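Peer 1: Sequence order for the protein chains is A and R.
What the first sequence shows, in the working numbering, is residues 1376 to 1826, in sequence order.
What the second sequence shows, in the working numbering, is residues 8 to 532, in sequence order.
Accuracy of the hints is not assured; some may be wrong.
[Claimed, not checked] Residues of chain A clear of chain R, computed beta-carbon distances all greater than 10 Å:
{"#": "1", "residue": "E1497"}
{"#": "2", "residue": "L1520"}
{"#": "3", "residue": "V1521"}
{"#": "4", "residue": "N1550"}
[Stated by the list, open to error] Which bits of chain R does chain A cover? Going by a derived footprint, with three or more residues having C-beta under 8 Å, they are:
{"#": "5", "stretch": "11-19"}
{"#": "6", "stretch": "28-34"}
{"#": "7", "stretch": "46-56"}
I should point out that these hints are in silico values taken from the structure, not numbers from a laboratory.
Please read these numbers as outputs of a predicted model, since none were measured by experiment.
Here a beta-carbon is modelled for each residue, glycine too, at the ideal position from N, C-alpha and C.
So the chains spell out like this:
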Amino acid sequence: MRNRREFLQAAWPAAVIPAAGLQPPAWDAAVAPPVGYPVWNVRDFGAAGDRRTLDTAAIQSAIAAASDAGGGVVYVPPGDYVAGTIRVLSHVTLHLEGGATIWGSTDLADYDRHPRSLIYVEDAENVTIRGRGIIDGNGTEFFPLVDGRYTRPPGEGDRWETRPERLLRIIRCNNLRIEGVTLRNSPGWTLHPIDCNDVLIQGISIVNGIYADDGPNTDGITPDGCSRVRISDCYVQTGDDSIVLKVQEPGDGNRSCRDVVVTNCVLITDQSALKIGAGTHGDFRNITFSNCAIRDAGAGIGIWMRDGGTLDGFLVDNISMTLSTPETVTRVGSHEGGTVGGQPIYFWLGREDDSGPWSTVRNVTVSNLTAVADGSVFISGAREKHIENVTLENVRILMKGGSEKPDHADPGYPMLRNAEGQGTVWGHRLSPYDIFCRYVTGLTLRNVRHS
Amino acid sequence: MKRVTGYPVWNIRDFGALPDDRTLATLAIRDAIRSAAAAGGGVVYVPAGQYLTGTVQLLDDVTLHLEAGAVLRGSEDLADYSPNFLVYAEDARNITLSGAGVIDGSGTSFFPRDAQGRWYKPPDEAGIWRPDRLVRLVRCENVLIEGVTLRNSPSWTVHPIDCHDLQIRGITILNGIYAEDGINTDGIDPDGCSRVRISDCFLQTGDDAIALKVQESESDTCRDITITNCVIHSSQHGLKIGAGTRGAFRNVVISNCVIRDASSGIGLWMRDGGSIDGFTATNVSMTLSTRETVTEVGENPEVLEGGQPIYVWIGREREGDPYGTIRNVLITKVTAVADGAVFISGVEEQHVEGITLDDVHIVMKGGKEKKYSREPGYPRLLNERGDPVLWAPRHSPYDVFCRHVSGLKLRNLKLEWGDPEKAEWGSAIRCWHAREVEIEGFAGRHALGSDRASIHLRDVDGALIRGCRAAGHTDTFLGLERGSRDIVLIDNDLRQATRVAALGEGTDPESLFETSNRPPNGEPA
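Use the sequences and the hints to build the structure in full.
Peer 2: Okay, here's the thing in structure tokens:
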């Protein structure tokens, strides 16, 4: 360990180290006057910012210049920049000034790889995206408009050929920071960090449409096999899950999602607000969700363990939600695709097919939760595999009932096949109107009120 | 020109602002902000130095960044304000206040002083005598206030009205705390706002620190509000809803805060109709004891007493007005050293419905003021002079007092009396005119020397008292009167009590069901 003086000598040129003492030097005539904080301005690299010119190459060369210098800030001044896939490199901060918008190109050919994304990071470290600007995915340009509603393209397969699938896709990045920006109108999942460690997502706004209008499949923040993740102070409005932890692919079999804290967020969504799964090909450990306000969600807090993997150590505390159809942000009426307000708590463990591995869910505590909702609580393990150790404490739910007829007398199992052979994944709309707990070992309901 | 350049900013010095704390910089700042806005947005930079200014209007996509060492000080001449706020924005999107600098409202220069040098508010007929708000934002979207210090406000400090997607993070508000130097200087008052995240702030205010309202708002709701990790010093309320409650308050969550000095720590004031549905607060630690206040207050009669950790009430301004409602409130994990304890008061026509207190530990020290302990008044009812008894925390009784409540749960409540303990404090818990009461895991007793029971129920319909432990020197554990019925006492350790229950007037012995209790010493098991 170096002492402080050695550290300073290493950090400063020898000439400015005072002969005695460790005071930093005072400015004097011999020292150059202050200059601006050095940035790589995309305009200097030819970006037009006129909402017509494709600025991908200009922005990319500014990033390359910063990277070649060892790192630095790439500055996007106010303006409207149209771009295809932009790759952000190690030690580069992409700073979007207030009034700057990067618009996703509406030409799929401008996105250069599968799965297509507007912002792309791979095998990097210390990447920051920040500022008061906007990244707009132009999602509504890609979704077909059917009966005045944006929908997923028909017959969309695994390789989506009709739209970019991610607004930001970040693979294997250590020390990732996303701060302050607005992410808007995503054509698919909004922010998808994969196998990243040390992730900070603070104070961002995600504004996608809510399902029936303009935002199908636009998940908000989807840490996938990530660890040491801190998410705070965000506003997330999405047409699909808001904040959802996944291990989407098995990979080498050792992928996991762990050490994740989420706090102080406002979430408005058509689907699940705070969720684990589906996509559970690994382990989930040490996860806390706290101090959030939730609206409209099909499920407020969701566990969907479907593909093997273990969830162990999950704390949810201090959450207030309104999931009642008559109070939704978007009036969805009886539209089939629209939410029928939801279940405050929706936990299940199932499997895709009879030969698949069972998942494990244990040590889950939900405390201090109030909800006004169509439904209530659904916790369902399987006969072969119980959910273990679930505590609900200080939970108050005012259940109003919804317009859909729940499968009340004999509630189905999520993921069991329906008559058409499809998994009944969207089970929260069919879950019963009560606190229903099945195949659970170690269940504590303490001061739980359902009215 | 592919090279590194300086981060472009609109420096107010370039527009003629002088850091002499004398020359008005209003026009220079205005021009810098307008230039930035005309360029589509950007950072208006306030370098180190003191700048005197009148009203500053924030515009779309502009960040007002105050460097460390920069102070924007409000002019002392009201003529320099138009409209009458130091910083304001209207119908703006994506506005930002940031940096480690200071906005100083020159509050001390506007308030008249009395003979003792204390601030006072002049009578209404005095007209406009101070800038109305330090920061006022109307109908703005996507607002960030980060890092700055806001100090010496002449009025409320941050007042966002009908704003949505608002973040306030890591700011410091430094106003005076007491009548000497800070009356009416609320901290952050979101008014008809939604999607608000407040975190990591230090708020020192001469009135409420954070108060949610529907007051000047044109909307009817204030909702989806998260607050965490704040330190609060306040002469009035720490965390509050109301007064100014014309609308609905939904989904309000609070955690991880510490509060000092406030007359009430967590306050819900339903005064003007409206409703609260869905309020949770957890992990809050408070010191609200007169003897431990930040400022030495001595015998100054204007200074509020240290207060009530929890203060919840429904009232109304005038006869005939509708009552507001309070539903689904959870307050958990609270520790407090305070003059008072808990006051929850609905009214006969409108109970507080569904309120849980869990893991609440209060050391109640008592204050110097005489409280209306025997027959606690109703907030907002008129006093003998015809004035509303608004500042009721000072008059609320010295115990956990719950009245006109349905669905009350007091769990793991611990009440300790300060030393010296006064017999007049009476019962530890009183529930009056309540339905569906659960008291579980209570530890404590009535004040020493009092003839009151530790838990006193008057006109309570349905109570479950379970798992409690009578502390040493308990005389009577449970007192029932005036028609209390369906009272169940189960699994309690009453060994240290002298007697289990006293049945007062109008109470049928059949109304109390006892089982599995450990009886007082000397009584047969």
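Peer 1: The structure should be examined with respect to each hint, and the outcome stated for every one.
Peer 2: These are the hints, each one checked on the structure:
1. With 10 Å as the threshold on Cβ separation, the claim that E1497(A) sits away from chain R holds: the shortest Cβ distance comes to roughly 24 Å.
2. No Cβ of chain R comes within 10 Å of the Cβ of L1520(A); the nearest lies about 26 Å off, and the non-interface call holds.
3. With a minimum CB-CB distance of about 29 Å to chain R, V1521(A) clears the 10 Å threshold, and the non-interface call stands.
4. The beta carbon of N1550(A) sits about 21 Å from the closest Cβ of chain R, which is more than 10 Å, so the claim that it is off the interface holds.
5. Counting residues of the stretch 11-19 of chain R whose CB lies closer than 8 Å to any CB of chain A gives 6, so the stated coverage by that chain holds, three being the minimum.
6. Counting residues of the stretch 28-34 of chain R whose CB lies closer than 8 Å to any CB of chain A gives 0, which falls below the minimum of 3, so the coverage claim is violated.
7. Residue count for the stretch 46-56 of chain R with a Cβ under 8 Å from a Cβ of chain A: 5. That meets the three needed, and the coverage hint holds.
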